[in-house]
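*Asks:* One letter stands for each residue in the lines below.
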Amino acid sequence: MSRQRTRPTDAPASSEPAPVFHSGELLADTYEIRALLGTGGMGEVYEAHDRVLNRRVAIKIVRPGLNSDYLLREGRALAAIHHPGVVGVHTMGLHRGTAFLVLERVQGLSLDRMLIDRRGRGERFGVGEALDLLVAIADALSVVHRAGLAHRDVKPGNVMLAPGGRIVLMDFGLVLPQADRAGHRSVAGSLQYMPPEALTGDVAEGAATLGDVYALGVLGFELLSGIEPFDGAEPLQLYRAKTHAHQPRVSEHRSDVPVQLDELISQLMAPAPDDRPQGAEAAVWALRAMRGRMGNGGALRPLSVLIVDDDVDMRDALTLYVRAAAPDAEVESTQGGRQALKSVRRRVPDLLLLDLDLPDINGIEVCMLLRGMQLGDACMIVSVSGRATRADVELLQQLGVQSLEKGPALMTELVQLVQRLRPGLK
Amino acid sequence: MDALLAQVRAQFTASLPSKVAALQQLVARGVWEEARRAAHKLRGSASTYGHTALGATAGAIEEALLATSDQPDEEARAGIAARLAEAHAQAAQATRGVGDAE
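Protein chains in written order, with this note's numbering: chain D, 1 to 426; chain U, 1001 to 1102.
Please note that the accuracy of each hint is not assured.
Claimed, not checked - Far from chain D, by Cβ distances over 10 Å, these chain U residues were calculated: (1) Ser-1015; (2) Ala-1021; (3) Ala-1022; (4) Ala-1028; (5) Gly-1030; (6) Ala-1064; (7) Glu-1074; (8) Glu-1075; (9) Arg-1077; (10) Ala-1078; (11) Ala-1082; (12) His-1088; (13) Gln-1093; (14) Gly-1097.
Unchecked claim - Listed next, the stretches of chain U that the computed footprint assigns to chain D, with coverage defined by at least 3 CB atoms under 8 Å from CB atoms of chain D: (15) 1005-1012; (16) 1036-1050.
Think of the hints as simulated: they come from the structure by calculation, not from any bench.
For every residue, glycine included, the Cβ atom is placed at its ideal position computed from N, Cα and C.
Using the sequences provided together with the hints, build the complete structure.
*Replies:* Structure below.
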C-alpha cells in the first residue's frame, strides 16, 4: 500500500506559474513579503513581516483568475473561531487586485512530514502519542463544528505541530457552513480522506461534519498503522475500497492497539455517515476518555461514571443503562451538586451524568464550577434533565456539556453514548 | 441485564400509586416547593421508565406549581387537583399492566 498524496480535486492542475508577490513587496503599507512558503493547486502562502506590529505573519492568496470566494470564506470561518488548535486570522486585504488573507504564522512541522520521517526511519507513532494527537485534532475540529462549519480537508498535511506541544488545524480553504447544501455537493478535498458520500457528491443536508469525522478516522488509522488505509488514486477505485464489505482495521497492522481504539477508528471510518460518531464533539470525548483510561501498558481501565440525581429511581435507571452498555463500568452515584463536586475533586470520572434540577446547587452551576476549576476537562459531562429549556441546552453546549432528556428514549441514547465512549462493547 | 431491567421497571411501576399519593399529600399540606420537586421527579422517572402519559401529567402539575406564586389561587388548586386525579388513574392503570409502557 502506498502513501499517495492527493490534492483537492476541484483545484485546477498547476503549471507552476511565477509567484504572484515577490520578496520585499509591501502589501497594504504593512506586510513586507519575505518568502514563498508554499504553493497549492489554487493559491500561494507567503511569509511576511508585519512592519506595524513587528511580527511574522502568513499571507495567503488565491491565484489571479481563480475564484477568491474561497479566501473570503476561509477568512470569515477563521474569524468566527478562537482556539489554540485553529490557526488565527488577522485581517484581509487587496493588493494589485489580488485578495490576500493575513494569518497567524504557525511555525512547526506538519503531521504529514512527521509521518513520512517516521516511516523513513522504520518507526511509527506510539498508541498514547497517536491518541494525544487525535484528541487535539478532534478538539479543534469540534470547535469548528460548533461554529456551524465543516472543514472538508482534514488530513496530516493540514495539521501543524507547533512549539510547546501546540497542535494546529490549518488550511480552511474548503470550509463551508453546514447548511450550504449546494456547496457540499461539489466534490472537494483530498481523496484518501474523503468519505464515500463526498466522493459521489452525495452529502446529505446537515451531514457535512460527518465527512470531517471520517477524515479524522483515516488520519487516526494512518497515525497508528503508518500507512493510508485505502489503495488507489482514482475516485472510483477509492469509492469501491471505502464501501467494500471488508473495511481495513488498525489491528490488522499492529497488535498493541487497544480493541476499543481499534473499534473507534473503525466507527469514525464507517462507510455510512449514520454509523459514525455524530460530530467531532462525540469523537473527542471518546478519545479523551480512552486516553485517560490508558495505563502504562496500553490497556484501558474500566470506564468510571458518576451519576448525580436526587431521585433514587433515576439513579437506579441510569446505573442500569450504563451497565447495559459497559458491564465493567465503575459506577458511583450521589444526590446533590455539592457532593458531586466533592466526588469529582477526589476522582475525576470519565463520564458525569448530571440532573439539572438538584436540591442544593443547580446542575448548570455545577457544570460552570467544574469547567471553571478545570476539574471537568478530563471527563465528559452529560446533563440528564426532565425540563431543560432551549436556553439551558445552548448554555450547556457552550460549556461543552451534552444534553439528554429524561424519557422513554433515554436508555437507547445513553447506551449509545456509553458505547461511543467505550467502543467494542455491544 | 434484560431480566434485571424488567425487575427494576416492575418495582418502579408498583411504587407509582404511592408516589402519586405522596405528591397529593404535599399538595394538601400546602408545601408547594416540595410538591413541585416531587412532581418534577415523577415527571422524569415515570417518562424514563416508559409511563409517558403519567410523566406528562406530573409535568403539567410541576408547571402549574411553577406558574403559581407562593399560594396558588382557587383556580390553580382546582387544576392541580384534577391533574392529581388523572395521575392516580394512570398510576393504577400502570400497576394493572395496561399503562402506556406495556
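*Asks:* Determine for every hint whether it applies to the structure shown.
*Replies:* How the hints compare with the structure:
1. A beta-carbon of chain D comes within 10 Å of the beta-carbon of U/Ser-1015; the shortest separation is about 8 Å.
2. No Cβ of chain D approaches the Cβ of U/Ala-1021 within 10 Å, the least distance being about 16 Å, so the stated non-interface status holds.
3. For U/Ala-1022, the requirement that its beta carbon stay farther than 10 Å from each beta carbon of chain D is met, with the minimum near 13 Å.
4. Taking the minimum C-beta to C-beta distance to chain D, about 22 Å, the non-interface status of U/Ala-1028 holds against the 10 Å cut.
5. Taking the minimum C-beta to C-beta distance to chain D, about 19 Å, the non-interface status of U/Gly-1030 holds against the 10 Å cut.
6. Consistency note on U/Ala-1064: stated as away from chain D, and its beta-carbon is indeed over 10 Å from all of that chain's, at 13 Å minimum.
7. Even its closest Cβ contact with chain D, about 26 Å, leaves U/Glu-1074 beyond 10 Å, as expected for a residue assigned away from the interface.
8. No Cβ of chain D comes within 10 Å of the Cβ of U/Glu-1075; the nearest lies about 23 Å off, and the non-interface call holds.
9. Listed as outside the interface, U/Arg-1077 is consistent with that label: its C-beta sits roughly 22 Å from the nearest C-beta of chain D, beyond the 10 Å cut-off.
10. With a closest Cβ-Cβ approach of about 23 Å to chain D, U/Ala-1078 is found to remain outside the 10 Å limit, as its non-interface label requires.
11. Every CB of chain D is more than 10 Å from the CB of U/Ala-1082 (nearest about 21 Å), matching its label as outside the interface.
12. At roughly 18 Å from the closest C-beta of chain D, the C-beta of U/His-1088 stays outside 10 Å, upholding its exclusion from the interface.
13. With a cut of 10 Å on Cβ distances, U/Gln-1093 stays outside the contact zone with chain D, its closest approach being about 17 Å.
14. The claim that U/Gly-1097 is not at the interface with chain D holds, since no C-beta of that chain comes within 10 Å of its own (minimum 17 Å).
15. Residue count for the segment 1005-1012 of chain U with a Cβ under 8 Å from a Cβ of chain D: 3. That meets the three needed, and the coverage hint holds.
16. With a threshold of 8 Å between beta carbons, the proposed coverage of the segment 1036-1050 of chain U by chain D holds, since 10 of its residues qualify and at least three are required.
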